[in-house]
Amino acid sequence: MNAFTRPVGRAEWRADRWGMLRCLAVRDETPSTKTFVLAPDDGARIVYEPGQFMTFRADFGGEAVERCYTLASSAASERSVEITVKRKPGGRFSNHLHDALVRGAGIEAFGPAGRFGPASVEADRYVLLSAGSGVTPMLSVVRTAADLGIDLDASFIHVARHPREIIAAVDLVPLMRRLPNLRVATIATSAPKRWRGTVGRLQAQLLADLVPDIGTRAILCCGPEGFMADMKAAVMAAGVAEENYAEESFDFGAMEEALATGAGPTRRITFAKSGRSFDCPDGLTILQAAKAAGIPIASSCAKGMCGTCKCLMTAGNVAMAHNGGIRDREVARGFILPCSSRPNTDIVLDR
Amino acid sequence: MRHECLSGLLRSRMPGYSLPAALYAGAEAFEADLDAIFLRSWLNVAVVADVPEPGDVYAVDIGRSPVVIVRDDEGGIRAFHNVCSHRGARLVPEGRSIVGKLVCPYHQWTYELTGDLIDAPHMGLDFDKALHDLQPVNVREIGGLIYVCLSNDPPEDIEALAALMGQRLAPYNLAHTKVAAEQEIVEHGNWKLTVENNRECYHCASNHPELALSFHASDFGFDPAALAPEEKREAEALATLYAERTAAWEACGLPSEAVESDVLMPTNYRTQRLIIAGAGESQTPNARAAVKVPLGPMVANGAGDVHLWGINAWAHFMGDHAVVFNLFPLGPDRTLVRTKWLVHEDAEEGVDYDVANLTAVWTETNRQDADLVALAHQGVRSAGYRPGPYSRFTERTLNDWTTWYVARMMASGYA
Numbered sequence: 001m002n003a004f005t006r007p008v009g010r011a012e013w014r015a016d017r018w019g020m021l022r023c024l025a026v027r028d029e030t031p032s033t034k035t036f037v038l039a040p041d042d043g044a045r046i047v048y049e050p051g052q053f054m055t056f057r058a059d060f061g062g063e064a065v066e067r068c069y070t071l072a073s074s075a076a077s078e079r080s081v082e083i084t085v086k087r088k089p090g091g092r093f094s095n096h097l098h099d100a101l102v103r104g105a106g107i108e109a110f111g112p113a114g115r116f117g118p119a120s121v122e123a124d125r126y127v128l129l130s131a132g133s134g135v136t137p138m139l140s141v142v143r144t145a146a147d148l149g150i151d152l153d154a155s156f157i158h159v160a161r162h163p164r165e166i167i168a169a170v171d172l173v174p175l176m177r178r179l180p181n182l183r184v185a186t187i188a189t190s191a192p193k194r195w196r197g198t199v200g201r202l203q204a205q206l207l208a209d210l211v212p213d214i215g216t217r218a219i220l221c222c223g224p225e226g227f228m229a230d231m232k233a234a235v236m237a238a239g240v241a242e243e244n245y246a247e248e249s250f251d252f253g254a255m256e257e258a259l260a261t262g263a264g265p266t267r268r269i270t271f272a273k274s275g276r277s278f279d280c281p282d283g284l285t286i287l288q289a290a291k292a293a294g295i296p297i298a299s300s301c302a303k304g305m306c307g308t309c310k311c312l313m314t315a316g317n318v319a320m321a322h323n324g325g326i327r328d329r330e331v332a333r334g335f336i337l338p339c340s341s342r343p344n345t346d347i348v349l350d351r
Numbered sequence: 001m002r003h004e005c006l007s008g009l010l011r012s013r014m015p016g017y018s019l020p021a022a023l024y025a026g027a028e029a030f031e032a033d034l035d036a037i038f039l040r041s042w043l044n045v046a047v048v049a050d051v052p053e054p055g056d057v058y059a060v061d062i063g064r065s066p067v068v069i070v071r072d073d074e075g076g077i078r079a080f081h082n083v084c085s086h087r088g089a090r091l092v093p094e095g096r097s098i099v100g101k102l103v104c105p106y107h108q109w110t111y112e113l114t115g116d117l118i119d120a121p122h123m124g125l126d127f128d129k130a131l132h133d134l135q136p137v138n139v140r141e142i143g144g145l146i147y148v149c150l151s152n153d154p155p156e157d158i159e160a161l162a163a164l165m166g167q168r169l170a171p172y173n174l175a176h177t178k179v180a181a182e183q184e185i186v187e188h189g190n191w192k193l194t195v196e197n198n199r200e201c202y203h204c205a206s207n208h209p210e211l212a213l214s215f216h217a218s219d220f221g222f223d224p225a226a227l228a229p230e231e232k233r234e235a236e237a238l239a240t241l242y243a244e245r246t247a248a249w250e251a252c253g254l255p256s257e258a259v260e261s262d263v264l265m266p267t268n269y270r271t272q273r274l275i276i277a278g279a280g281e282s283q284t285p286n287a288r289a290a291v292k293v294p295l296g297p298m299v300a301n302g303a304g305d306v307h308l309w310g311i312n313a314w315a316h317f318m319g320d321h322a323v324v325f326n327l328f329p330l331g332p333d334r335t336l337v338r339t340k341w342l343v344h345e346d347a348e349e350g351v352d353y354d355v356a357n358l359t360a361v362w363t364e365t366n367r368q369d370a371d372l373v374a375l376a377h378q379g380v381r382s383a384g385y386r387p388g389p390y391s392r393f394t395e396r397t398l399n400d401w402t403t404w405y406v407a408r409m410m411a412s413g414y415a
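Heads up: the protein sequence lines correspond to chains A and B, in order. With this note's numbering as the guide, the letters of the first sequence map in order to residues 1 to 351. With this note's numbering as the guide, the letters of the second sequence map in order to residues 1 to 415.
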């Protein structure tokens with residue numbers, strides 16, 4: 001048996017518990033970005049939808065640190081998954097991956113999870129709008145479409161700071177051959193004179209020029225908060241209905257690592273029944289923030305296992321990485337574990 | 001020596017007669033029943049539809065012993081004493097819940113659905129969690145019915161019931177049913193009077209007008225001399241019809257003949273495929289199917305009613321739905337009867353069935369039976385009570401039941 005041999009008797013990878021993934025390969029995307037190819041040792045199939053993320057855990061001197069990364073690979077390939085990670089100055093998790101996750105190394109992983117992507121926004125035509133690392137779910141969308149023969153009608157618009165930071169730039173051209181109704185536009189905020197692509201900021205006018213029929217399309221948007229806010233305003237003004245717009249923070253890892261430099265957004269947590277509310281600084285779990293604010297939440301293990309803190313979230317969305325203390329079908333009904341959830345938006349809890 | 005009095009009562013039971021009063025109403029007999037019957041027998045306490053998915057748990061109280069039934073992460077069914085290994089607090093509230101893990105509400109000791117203790121805060125590094133797993137309870141799934149036995153030495157004759165009912169219930173596909181309705185009723189009588197009332201239909205014609213429309217009371221025996229000529233012709237016609245139908249059912253792979261356990265064996269049961277009266281489809285007010293989606297293709301039409309009796313349970317399996325009854329002793333004079341109506345998991349309430357119609361017959365019949373059991377219990381407490389004679393035509397099965405009961409008590413050291 002060699003690496004090409006078809007695995008037999010493959011189970012499905014369990015999305016609701018932590019497991020171990022092995023790094024099969026690493027490749028450079030840009031000077032600061034690497035893609036890691038990961039797979040379970042036992043050949044289990046990782047089943048997911050393009051746009052979903054996995055949570056990864058590493059040990060830093062006894063402290064377990066978790067980060068979420070969107071899968072960038074084709075969901076048609078169930079034998080391995082890929083994440084694409086930018087090395088951030090001072091970001092200990094991304095530096096750890098770049099330094100330690102070499103071919104043959106293992107990493108703990110949880111998921112896939114999340115509800116971002118074309119599987120949850122029904123439409124005939126899409127606009128895939130991304131900036132920076134936010135391109136990763138869009139890459140999964142187009143790679144999946146090409147592999148599954150889906151006739152994807154989409155405008156793929158990606159913004160990078162500099163042409164050399166465009167992730168997977170060389171992969172997009174052959175994808176356009178396989179997807180005749182895919183149009184790709186890459187925009188660099190600044191570029192050398194000899195670059196032939198579009199240079200500047202992506203604003204409403206440019207967006208309208210690139211996608212004249214944007215009002216008839218569903219929009220998937222992923223990138224930094226400011227980018228997403230601008231894009232949402234622009235597409236709403238162009239006549240896109242609220243239910244045809246979906247967004248995802250560009251990667252949770254980046255948000256959390258921003259905490260180390262104290263730069264991330266603070267979210268408001270509101271308890272609907274008691275009327276109490278408090279701020280959750282970026283990087284803290286809802287439970288940690290509640291405790292810091294002096295507001296009681298019954299809890300015990302604080303690691304997503306016992307389920308003591310389980311409650312219903314009636315508004316907002318969170319990044320949750322638990323340890324089996326909550327069932328997928330409870331999550332589908334809106335339940336979360338505050339001890340394992342970091343808010344992506346303002347949150348309302350039914351308590 | 002403690003059992004001297006019970007021993008005397010058990011020995012004084014006359015064949016063909018009901019039990020001495022103190023065996024029905026006495027506190028000492030109740031304690032002995034919990035020990036000899038409820039802690040040692042295989043009991044049907046749940047159905048697979050109570051725990052359809054991993055993480056579903058269902059808790060029942062068998063006497064004073066809480067038990068939790070669990071659908072584990074691999075889809076298997078397990079049962080545990082519903083008691084924390086720490087200081088004994090009850091883990092899961094009665095009824096159905098969804099859990100990630102089994103977590104004690106008191107100090108949050110946390111168990112996997114396999115029963116393994118995986119987290120016990122503040123117990124120290126030298127604490128060996130492996131010594132404090134949940135205590136498993138023997139569990140068997142038979143054709144979609146969940147049986148448990150609290151004894152560490154469970155009766156082996158459950159195999160006979162498993163072989164018999166596994167085959168008979170397979171066409172009813174209980175793994176693909178859901179609980180469409182559930183009712184609890186507390187009967188003010190001893191649990192043995194509940195069983196006796198259930199095992200004869202002598203009382204049916206006069207007390208159960210709703211059930212009688214879909215149920216042949218004479219299925220459970222009659223005295224030919226007591227019948228008017230017209231009734232006698234009907235009874236004979238029914239006997240002929242039974243012979244024909246049973247042969248026809250058996251020929252198409254639906255076992256139907258009456259099968260009873262030996263009265264001296266620990267696991268007591270009787271089953272038979274019965275003819276449904278009237279329109280012949282189901283136990284509903286008009287004897288027509290209450291549910292548009294049948295339980296399975298083999299039983300979609302004309303397959304009658306598979307009737308099953310057990311120690312603490314009885315049930316009817318029809319083409320469109322099943323009704324399962326479980327009794328739980330609460331005290332010498334109080335018995336919980338829990339009724340579940342099961343329909344195909346794809347059947348949609350309000351579209352494929354109407355709950356009021358589905359439950360009408362047994363809601364009435366249960367209420368009527370509760371009244372009869374209360375009357376019987378009031379009588380056995382009276383100074384005027386004497387054990388009375390069972391009819392050899394209509395109550396032969398009660399004599400068998402009482403004989404079984406006395407034998408089990410004696411086998412458990414109460415004589």
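There may be inaccurate statements among the hints.
[Said to hold, decoys possible] Derived coverage of chain A by chain B (criterion: at least 3 residues anywhere in the stretch with Cβ under 8 Å from a Cβ of chain B; other residues may be distant):
1) 129-139
2) 326-337
[Said to hold, decoys possible] Computed Cβ-Cβ distance ranges for the label pairs, DEER-style:
3) K129(B) <-> G61(A): 18 to 28 Å
4) R329(A) <-> D346(B): 10 to 20 Å
5) K129(B) <-> A64(A): 54 to 64 Å
6) G61(A) <-> D116(B): 26 to 36 Å
7) A64(A) <-> E345(B): 49 to 59 Å
[As the list claims (entries may be wrong)] Computed far set for chain A versus chain B, every beta-carbon distance over 12 Å:
8) R14
9) E108
10) V173
11) V240
Quick caveat, the hints were computed from the structure, so don't treat them as lab data. No residue lacks a Cβ here, since even glycine has one placed at the ideal position from N, Cα and C.
Hint check results:
1. 129-139: violated (count 0)
2. 326-337: holds (count 4)
3. K129(B) <-> G61(A): 18 to 28 Å: The hint (18 to 28 Å, Cβ to Cβ) holds, given that K129(B) and G61(A) are roughly 25 Å apart.
4. R329(A) <-> D346(B): 10 to 20 Å: holds, 18 Å
5. K129(B) <-> A64(A): 54 to 64 Å: Violated, since K129(B) and A64(A) (Cβ atoms, about 20 Å apart) do not stay within the stated range.
6. G61(A) <-> D116(B): 26 to 36 Å: holds, 29 Å
7. A64(A) <-> E345(B): 49 to 59 Å: Since the Cβ atoms of A64(A) and E345(B) sit about 40 Å apart, the hinted range of 49 to 59 Å is violated.
8. R14: violated, 8 Å
9. E108: Label holds. Min Cβ-Cβ 17 Å, cutoff 12 Å.
10. V173: It holds; V173(A) is separated from chain B by about 45 Å at its closest Cβ, greater than 12 Å.
11. V240: V240(A) is indeed farther than 12 Å from all Cβ atoms of chain B, at 36 Å.
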